[in-house]
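Taken in sequence, the protein lines are chains A and B. Residues in the first sequence are numbered from 1 upward in steps of one, following the working numbering. Residues in the second sequence are numbered from 1 upward in steps of one, following the working numbering.
Some hints could be false.
Straight-line C-alpha distance at most 27 angstroms; calculated DSS-like pairs for lysine-lysine [what the hints assert, rightly or not]:
hint	chain 1	residue 1	chain 2	residue 2
1	A	LYS78	A	LYS55
2	A	LYS55	A	LYS105
3	A	LYS70	A	LYS55
4	B	LYS9	B	LYS70
5	A	LYS105	B	LYS57
6	B	LYS9	A	LYS105
Which stretches of chain B does chain A cover? Using the computed rule of at least three CB atoms under 8 angstroms from a CB of chain A, they are [what the hints assert, rightly or not]:
hint	region
7	33–47
8	103–110
Here are some, though not all, of the chain A residues that point toward chain B, as calculated from beta-carbon distances under 8 angstroms [as the list claims (entries may be wrong)]:
hint	residue
9	PHE35
10	ASP99
11	PHE103
Since the hints were made in silico from the structure, they are not lab data. Heads up, the beta-carbon is just placed ideally off N, CA and C, and yes, glycines get one too.
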Amino acid sequence: AQTVTQSQPEMSVQEAETVTLSCTYDTSESDYYLFWYKQPPSRQMILVIRQEAYKQQNATENRFSVNFQKAAKSFSLKISDSQLGDAAMYFCASGGGADGLTFGKGTHLIIQP
Amino acid sequence: NAGVTQTPKFRVLKTGQSMTLLCAQDMNHEYMYWYRQDPGMGLRLIHYSVGEGTTAKGEVPDGYNVSRLKKQNFLLGLESAAPSQTSVYFCASSFLGVLANYGYTFGSGTRLTVV
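Please model the entire structure based on the sequences and the hints provided.
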């Protein structure tokens, strides 16, 4: 069984600043992927970024980047130049097979103007 | 391109009533999933399917049944609704599963309230 832990129920950051959301996971899979999803008040689940576990290079998508520490089973999300539109719930997820993704409990990100 | 469509979007049920949630995808995806989302609990997997005619239990399957008679449709049934099943339900699909690095395409969710 996989577990995903997000230890920060809520985070707050000033607009234009940088914020890091933490995530740790545990898996017995040898090959797996890690994801960050964003859920705004509209409830829609939006893929932010993904990381293949076999790749050492950290994934980057514009203002979003990850710090992937495989040995520590850590997968944090850094948001640079925070914008009001970044305010949302963020879910970390891990998966390695047909039985789907395991999600963390989420971090509520607040952007202060 | 419709993607993943869930119907209905909202529903209120009385305890003991039954209902079926429909998930339809038009992307020819093999894998389909049903999750429930509760405050402070994230998304938890109820049931999933790796192809037409196949289903399997996830983390929280009790009180739910599923069917995948057609590749594009994945139905979630509640035979006798209970207040503990009040939740937001998400359907998701994937082309070849997580290892293909496609991730999920999510539906917009169904908010179900059982009174």
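Results for each hint:
At roughly 18 angstroms between alpha-carbon atoms, A/LYS78 and A/LYS55 fall within 27 angstroms of each other, so this suggested pair holds. The hinted pair formed by A/LYS55 and A/LYS105 meets the criterion: a straight-line CA distance of about 25 angstroms does not exceed 27 angstroms. Pair hint A/LYS70 plus A/LYS55 holds up; C-alpha atoms about 10 angstroms apart against a cutoff of 27 angstroms. Restraint check for B/LYS9 and B/LYS70: the C-alpha separation of about 21 angstroms stays at or below 27 angstroms, so the hint holds.
Distance hint between A/LYS105 and B/LYS57 is fulfilled; the C-alpha atoms sit about 21 angstroms from each other, no more than 27 angstroms. In summary, the hint linking B/LYS9 to A/LYS105 is supported, as the alpha carbons are separated by about 23 angstroms, within the 27 angstroms threshold. Only residues whose beta carbon comes within less than 8 angstroms of a beta carbon in chain A count, and the region 33–47 of chain B has 8; three or more means the coverage holds. Only residues whose beta carbon comes within less than 8 angstroms of a beta carbon in chain A count, and the region 103–110 of chain B has 5; three or more means the coverage holds.
With its C-beta approaching chain B no nearer than about 6 angstroms, A/PHE35 sits inside the 8 angstroms limit, and its interface hint holds. Of the supplied interface hints, the one on A/ASP99 holds, with its beta-carbon coming within about 6 angstroms of a beta-carbon of chain B, less than 8 angstroms. With a least beta-carbon distance of about 4 angstroms to chain B, the hint placing A/PHE103 at the interface is held under the 8 angstroms criterion.
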